[in-house]
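Those protein sequence lines, which keep their order, are chains S and R. Position 285 (the first sequence) corresponds to 285 in the numbering used here; numbering is contiguous. Position 329 (the second sequence) corresponds to 329 in the numbering used here; numbering is contiguous.
Hints in this document: simulated from the structure, not taken from any laboratory. Just so you know, these numbers come straight off a predicted model, no measurement behind them. Worth double-checking, as some hints may not be accurate.
Unchecked claim - List of simulated lysine to aspartate or glutamate pairs, EDC-like, C-alpha gap at most 16 Å:
(1) S/Lys292 / R/Glu419
(2) R/Lys393 / R/Asp367
(3) S/Lys292 / R/Asp420
(4) R/Lys24 / R/Asp280
(5) S/Lys238 / R/Asp383
(6) S/Lys292 / R/Asp27
(7) R/Lys393 / R/Glu474
(8) R/Lys19 / R/Asp280
(9) S/Lys103 / R/Asp367
(10) R/Lys253 / R/Glu234
(11) S/Lys103 / R/Asp467
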Amino acid sequence: MADHKRIDDVTGTATSGHEWDGIEELDTPMPRWWLWSLYATIVWGIVYVILYPAWPMIHGATEGVLGWSSRGQLEQEMQADAQRRAPVMNAIAATAIADLPAKPALMQAAVQGGAAAFRVHCVQCHGAGGAGVKKLYPSLTDDDWLWGGDLSTIEYTITHGIRNPDHAATRTSQMPAFGRDGILEPAQIADVVSHVRVISHQEKPSASSARGAVLFEANCAVCHGPAGDGGREVGAPKLTDAIWLYGGDRASITATVTQPRNGVMPRWGARLDPVTIKMLAAYVYSLGGGEKAPAPAPAAATAEGRGADGQP
Amino acid sequence: MASPEDLTGEHGSLYAARKGVYPKKVDGPFRRFKWAIMAVTLAIYYGTPWIRWDRGPHAPDQAVLVDLANRRFYMFQIEIWPHEFYYVAGLLIMAGIGLFLVTSAVGRAWCGYACPQTVWTDLFQYVDRLIDGDRNAQIRLANGPWTAEKIAKRTVKYAIYLTVAFWTGGAWIMYFADAPTLTHDFWAGQAAPVAYVTVAVLTATTFVLGGFLREQVCIYMCPWPRIQTAMMDEKSLLVTYKDWRGEPRGSVKKAEKNPGAFGDCVDCNQCVAVCPTGIDIREGPQIGCITCALCIDACDSVMAQVGRPRGLIDYCTLDDAATEKAGGIAPPIRKTLFRPRTLIYFGLWGAIGLAMLFTLGQRTRLDLAVQHERSPLYVQLSDGAIRNNYTLKLRNMELRPRDVEVTLSGLPGARLWTEDGARETAGQSLRMPLAPDSVTSAKLFVVAPGAGPARQDFTIAVRALDDDPRGDRETIQFDRPGTEP
Chain S
1 MADHKRIDDV
11 TGTATSGHEW
21 DGIEELDTPM
31 PRWWLWSLYA
41 TIVWGIVYVI
51 LYPAWPMIHG
61 ATEGVLGWSS
71 RGQLEQEMQA
81 DAQRRAPVMN
91 AIAATAIADL
101 PAKPALMQAA
111 VQGGAAAFRV
121 HCVQCHGAGG
131 AGVKKLYPSL
141 TDDDWLWGGD
151 LSTIEYTITH
161 GIRNPDHAAT
171 RTSQMPAFGR
181 DGILEPAQIA
191 DVVSHVRVIS
201 HQEKPSASSA
211 RGAVLFEANC
221 AVCHGPAGDG
231 GREVGAPKLT
241 DAIWLYGGDR
251 ASITATVTQP
261 RNGVMPRWGA
271 RLDPVTIKML
281 AAYVYSLGGG
291 EKAPAPAPAA
301 ATAEGRGADG
311 QP
Chain R
1 MASPEDLTGE
11 HGSLYAARKG
21 VYPKKVDGPF
31 RRFKWAIMAV
41 TLAIYYGTPW
51 IRWDRGPHAP
61 DQAVLVDLAN
71 RRFYMFQIEI
81 WPHEFYYVAG
91 LLIMAGIGLF
101 LVTSAVGRAW
111 CGYACPQTVW
121 TDLFQYVDRL
131 IDGDRNAQIR
141 LANGPWTAEK
151 IAKRTVKYAI
161 YLTVAFWTGG
171 AWIMYFADAP
181 TLTHDFWAGQ
191 AAPVAYVTVA
201 VLTATTFVLG
211 GFLREQVCIY
221 MCPWPRIQTA
231 MMDEKSLLVT
241 YKDWRGEPRG
251 SVKKAEKNPG
261 AFGDCVDCNQ
271 CVAVCPTGID
281 IREGPQIGCI
291 TCALCIDACD
301 SVMAQVGRPR
311 GLIDYCTLDD
321 AATEKAGGIA
331 PPIRKTLFRP
341 RTLIYFGLWG
351 AIGLAMLFTL
361 GQRTRLDLAV
371 QHERSPLYVQ
381 LSDGAIRNNY
391 TLKLRNMELR
401 PRDVEVTLSG
411 LPGARLWTED
421 GARETAGQSL
431 RMPLAPDSVT
441 SAKLFVVAPG
451 AGPARQDFTI
461 AVRALDDDPR
471 GDRETIQFDR
481 PGTEP
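Chain R extracted, bound-state conformation (with noise of 0.2 Å):
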């Protein structure tokens, strides 16, 4: 049971302060890859609301735009309605079997490279470089006193902190309204309130988990890695010291005074030094591990240095470990990444992708939905006749104004018309113009004569009177009186 001793000591204490981490800066391929991979998805971030993308009059011009006011996401040529919302399903899932393909079979290389909180953490961290200097620099600084120059580079640092993460959460909500109106109407107070909002809390959360929390978002908060484990099997590439050839570890002196005693880890520390995440990759596989492969570059450049093969800190499978352990020879890379379950997990993700772009060649642009009226299920008329009321909804997703023809078929002797019409005039179908982009809901009155089935099913059909005949039809009771209970 808890006892005081429990609340003092190395051992004992409830809460661990996070420790510093100040990575030093380092140059490599897989640095080089980061940068990369840091310019495009900033970029895209940043840039894509900004795209201009031509759909005529009666729609937006921007590229992406998720335009929850009027319930339409635009991407390039393809518009969603709400009702095809599974595209958006189907787009998660293929998220998720790609994360899935991703891990199994190149590890946590989304935690090392594409995750935002990895990306942003990174730009923080060059921040970091930038005002208080390297890794020993930063050290420095953090332990010292309150000087003035402490005083202004921490001004400084926070300021540039504060403005990236503004323009953070200020891009973010471009996505949601034209980027230049709202970009105008934003600096002119003029914006809505939820606008304000999203980017105070994107700022704030921009500000705080990549300016402070950084690993600690991995390592506490973050739900991926530990399902990645699960995720992961021994063919999944990992960034592994290659203990077996490292171990045990002494400095180029050391081994030169002793010949074949020592390892090739010359036990430089580099590798922790330049950890975004503060560990020691040579402790084995572990939660902190974001495989962003710093330490890879790292310790080839020091391997460079003295002369020693590159590769003691390497991606490397389980089964690749276990095999040069035993002293053979592992197969290269790409024969691990080709495997069936990656291949399984391609397959599927690919034919998720491949459906809903033939899905989205093949849709109708115009569909008409109808409900019947269940107060009254039918209206007796003076004539002996009986009248069905239904509600029409005709949708028309074209950028253009359309006319169409609803036609009904199935019910001999029916005819049909809507609020502006009269049952006098009324014949098998009418005509309506449908404005672009937009539902047009009716009121469809059917009569038919009172001798015929209690309940008796037809079909109404709508039509575009111009170029595209396409249409869509729907199948429909006509209730008569006996069919109440």
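Only chain S is shown next, with the shape it has when bound in the complex (with noise of 0.2 Å):
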């Protein structure tokens, strides 16, 4: 570039020599204040350098003397937290779940917990917000409970699982396969089917219907009740109501009649610590279908190791 420095006359500061249709740039000198401030940046970067992690390795970076680094500022502030939330963790461990309800700063406390560990053990099945997901797992949001909704059964139920072979204590019962094992006909199953649907107001009486009645007492009476309002003791769904796990339509019932599918649950308490059960025992109480403690002494259902079963 060609070389045309001069001295401007206004201003009476050289220009930089650059020109462009005329138009000219002063050479403003920077005030010295500001090359001490770019020093002052290099001797911090120089100072940070020294201190934190930087320049980049084979495997990994340079430590810094500080020893400081971002997986172990989270630990300290996992700690720093877990501490913060000690004492209320320790009065929900200290407090029996059926007298949470009692405290409701402890209860607020125990559903935000729970809260937030439902979304990270239980959404996979039972979807955000414990919606649940049609014909596969049950929403927790709604009145109608397979092993009862009470706070110190829903606990039980986290606890123990559903239907866990290795448990004892486990939630269990076995609806028999009656149409693959052959213990009905497919014309009874059809049958029963019938009657099923006219307790649950679906379908009008018919001579079908009456035919399944007979059966209906003789083969799933026990477990379901003679009018079908199911058994909380064995997890017997009711079929008179308008919510159907598996579907309420004549194929989905015929396909469970035929293939029942005695649906699992983790036993959580051997994954969970007693206190995160709890909390995410308030909070599927809290989801809009909890149910009052049942009223045969509650304390002393409880005092037995937490209810013996779930008692309606």
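Using the supplied hints, reconstruct the complex from the two chains, each of which is provided in its own coordinate frame.
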């Protein structure tokens, strides 16, 4: 580039010598404090490189004399938070679950903690917010419970799981595969399905349902009850309501009677600490379907090792 | 291209050291006006957090408080909640338009009188004169060797700088917490770490920017002088050296020898000596001129001494300068102040202010927000009814506890209850106590018959059960099976 350096008349400042279509650029000197600021940033940079992880190496990076790492910081923060939460967690641990609702602040903390744990451990099957998955996993927000919906019962169910083969205390029951194992003929199954659809107000009584009623009495009533009201001791669903886990239409009920699902849930007592389970129970209870503890002395039930089973 | 010569010589240096500025003491109407503004602005800054304002037992009694922890902003009888932040935005817009207004009318008056950088620089320059003496003494001391006297004076001066700077930083944090409590905690070592860090940072910036960088901030760091250039026009007031009257310059003696050959400027350099940014106003308008008008005071007193009319350096618009240069008489300043541009700015500024005051007077201090739970959108209940879940937020922005009623309408057969209630006892409305100055959040359950449209709008309203029946309502959806894709 041609050198056209000159002193500008108006400002008395040198030009940079660059010129574009007659427009020139003043070469105004920078203030010296700016240079010092630049040196200061360089010094800062050097100090930083010495103190903190900086240079990339083949495996990792230089560590810095402070030994700081983002992972270490996270650990510290988690520890600090655990410490912060410790009083609440201890209080929850010391409170019997049936007594939680009487302590609103503690209950709220438990619900919030449970919501967080639910998002980690439970949403995979039960869905966000406990909405359930149609024909696969039950909704936890409705007013229909297979094993019972009061706090102690929910806690027991979560702790011991459902149909864990190697665990004595687990919730368990086995609906026979009436069709697959040939207990009932297909025509008989059709009759039973007719009866079930009549008691759930989906069909009008017919000859088929009348035959089905007899078969129901003989094969189903032992668990589902003579009126089809279900039985929570064995997790037998109520058949007279509007809620159908595996579908309430003819084909779905036929499929269930032919080969039942007998759904399972892990026993979370083997994986989670009791406080987390207590909080999960409180959260599930809070979703809208929570039931009051049954009248006959809930204190006695908890004293006997948290309820013998899921009483209605 | 760069060559070794570039780095040497007067015009080749890449970096220029700051030239010392030692403004001389001056007196006059503008100087006194500037003292008054300094007194008022500093009093406001240091004093405001200490004003008490009784709001009753449910709110702090500090008149101006930015309560970040509880997310409230108090200003006398006004309380701003986070969702009302648009009032703060409105204030900022007013501040912006106010700057436009001031700049288009009276030029860089903000820079010259009210800018914190100017006020604190002025204060520190006063300290300079107090310790080191006036301009000449200051220059002698600055250029002289490090004698015991110089060391003592510098020590005392920097100690005062630091005290002022510390006080400045300390006053800032008082706006964010109860001032007496925070002062006690601060000295007892119990204040939050952020308080100490803030004070340290503001002490450092005040010390460096006010004590040392001074006019460098205006010339190199601040964007506002450059923006103002675009805001000003030929009718904006500028501090102007009337060269048509002053040139050619000559001393009184020279003028006596040669009557008629010289202008009014006696070349006494007083305008340069008093300038806080160290410029020569006689070179014309420039970025370094903050229009503090101290040179007007200096020049006027010299003109009085030599018996010439005042106003050789004066506030003057570019239009007036052209008129006077051509021999005419400039119109009075009030005529240039009131023109469409300034009136429009003022109108806008005033309208925003009035609108904000109006809405502040009209706002209800009880409102609700309802959010429909998305997962699940609806819940099938065993008796065939459908339940929807909502998150209900009730804001009681008054400083007293209130009982309210939440009512549902537009959804036939519907009932509502919260976690504390039960479906069996639920009705069309429910009552809740609200704590003063707080948000009450509740899970709201609404159940309605299963038969009905897949998606239906209904209304949830809240009203207070006391002397002020104003409330709030929100229309929201109720979903039934069949709405999912």
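Results of checking the hints against the structure:
1. S/Lys292 / R/Glu419: holds (12 Å)
2. R/Lys393 / R/Asp367: Holds: lysine 393 of chain R and aspartate 367 of chain R sit about 8 Å apart, inside 16 Å.
3. S/Lys292 / R/Asp420: holds (12 Å)
4. R/Lys24 / R/Asp280: Given that 16 Å is the threshold and the Cα spacing comes to 14 Å, the pair holds.
5. S/Lys238 / R/Asp383: Distance of about 11 Å is within 16 Å: holds.
6. S/Lys292 / R/Asp27: violated (84 Å)
7. R/Lys393 / R/Glu474: Holds, at about 11 Å.
8. R/Lys19 / R/Asp280: holds (13 Å)
9. S/Lys103 / R/Asp367: Cα-Cα ~28 Å, so violated.
10. R/Lys253 / R/Glu234: Distance ~37 Å between lysine 253 of chain R and glutamate 234 of chain R Cα, so the pair is violated.
11. S/Lys103 / R/Asp467: violated (33 Å)
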